[in-house]
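Each chain is listed here by its residues.
2 protein chains.
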Amino acid sequence: MVLVSGGMDSATVLALARATGFAAHALSFRYGQRHAVELEAASQVARALGAATHRVEDVDLRSLGGSALTADLPVPKDRSGGEIGHGIPPTYVPARNTLFLAYALAWAEVIPARDIFLGVNALDYSGYPDCRPEFLAAFERVANLGTRLGVEEGSFRIHAPLLHLTKAEIITRGRDLGVDFGLTRTCYDPDAAGAACGRCDACALRLRAFAQLGLTDPAPYQRRAGG
Amino acid sequence: MVLVSGGMDSATVLALARATGFAAHALSFRYGQRHAVELEAASQVARALGAATHRVEDVDLRSLGGSALTADLPVPKDRSGGEIGHGIPPTYVPARNTLFLAYALAWAEVIPARDIFLGVNALDYSGYPDCRPEFLAAFERVANLGTRLGVEEGSFRIHAPLLHLTKAEIITRGRDLGVDFGLTRTCYDPDAAGAACGRCDACALRLRAFAQLGLTDPAPYQRRAGG
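Chain order of the listed sequences is A and B. 388 is the number of the first residue of the first sequence in my numbering; add one for each residue after it. 388 is the number of the first residue of the second sequence in my numbering; add one for each residue after it.
Since the hints were made in silico from the structure, they are not lab data. All residues carry an ideal CB built from backbone N, CA and C; glycine is no exception. Treat the hints with caution; some may be incorrect.
[Unchecked claim] So the derived label-pair ranges between C-beta atoms look like this:
{"no.": "1", "chain 1": "A", "residue 1": "G601", "chain 2": "B", "residue 2": "G541", "range": "22 to 30 Å"}
{"no.": "2", "chain 1": "B", "residue 1": "V538", "chain 2": "A", "residue 2": "H551", "range": "13 to 21 Å"}
{"no.": "3", "chain 1": "A", "residue 1": "R466", "chain 2": "B", "residue 2": "A435", "range": "47 to 55 Å"}
With these hints in hand, go ahead and build the complete structure from the sequences.
The following block contains the structure:
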């Protein structure tokens, strides 16, 4: 079971899981995100990397509000590297990874699949509490206490293989595994055609990592005014 | 925040939360349960007990399968008291409480509400792993590690005030608090009109408790053949 958002990190995780020999079931969520273009990217990524199935679940987080990713709040732009990752930004979505993991757990128990992969990382990240190792460990405990499979066979594992990698290391790892990053979408605030803004935190981290490696990001970006 | 299923236990929990002085936000789920009549009961219970709001969320657990409550598997009937609660029965729904609590957490964080109540109990229960105290403690830890409010103020609490009560004690408590159990629906396999079967585990536990107290259950039951 691999949570696939359509972004760079989860694509790399899917490739890693496949390379390790797992049959992969990809899971994505239509949760009211303003960047729903990522779901089309998720489908393409799942197909390109040989996922056995790809499920897109509807979970309404938009009507709850509370986040710049689902509500009419501005997405921060043009923040410096020093600003990103300090404090929890308005793009935090309340309890998103808890909810996504809970649904993944339900599906995993039915399949059954004991290994749940997700692409969170704790370096070069946006400061979200539900991307931290202590959160993942706590959720793994919930999985093994709160399910039939967990209680009877005690074996769910939450895998976050990118947890301690930088974005540049993730790109390198993904390229080695044949991930086509041109299919992935990272931007929090893309235009209607799916082109990235280049200015939100997610774009900034991604562009900086490609630049560090001396590479050009193959994903489409909006032309800057006058650019 | 009170998870309200439409059953006896969650109605009593809602009454307890209100009696303790909480403004209550009631949350129910349309998850593909065959006993969706409970959602109408949940609305009536929420209204009767003065919930400030009542939200019904759609979460598709039916298409996952794996449970007699959501799939075309038979609901066990006519099991003895000794059989009920030994082993996890087919009415177990994979990761249901994890998922419900995850959604409750997302909504609670937005409100914000720090107290999440649910009506699980570990006596006279059906043997579900996600009704046990160790599961609830693990989820509380997830809530406080995986959310902004939890990290910044560390204060989510999962309340399960019925955890150590028998069903008969729950009825007594509920009656003291003015719960109209005639509004509540417990049956896993009701008929189209919402009348209870009287024979599934949930009915058996409920009927036994009313009988222990020398009371008649005010909820509607199907007439037995020849009865």
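**Item:** Hint check, failures only
**Value:** Checked against the structure, the only hint that fails is number 1, while the rest are satisfied.
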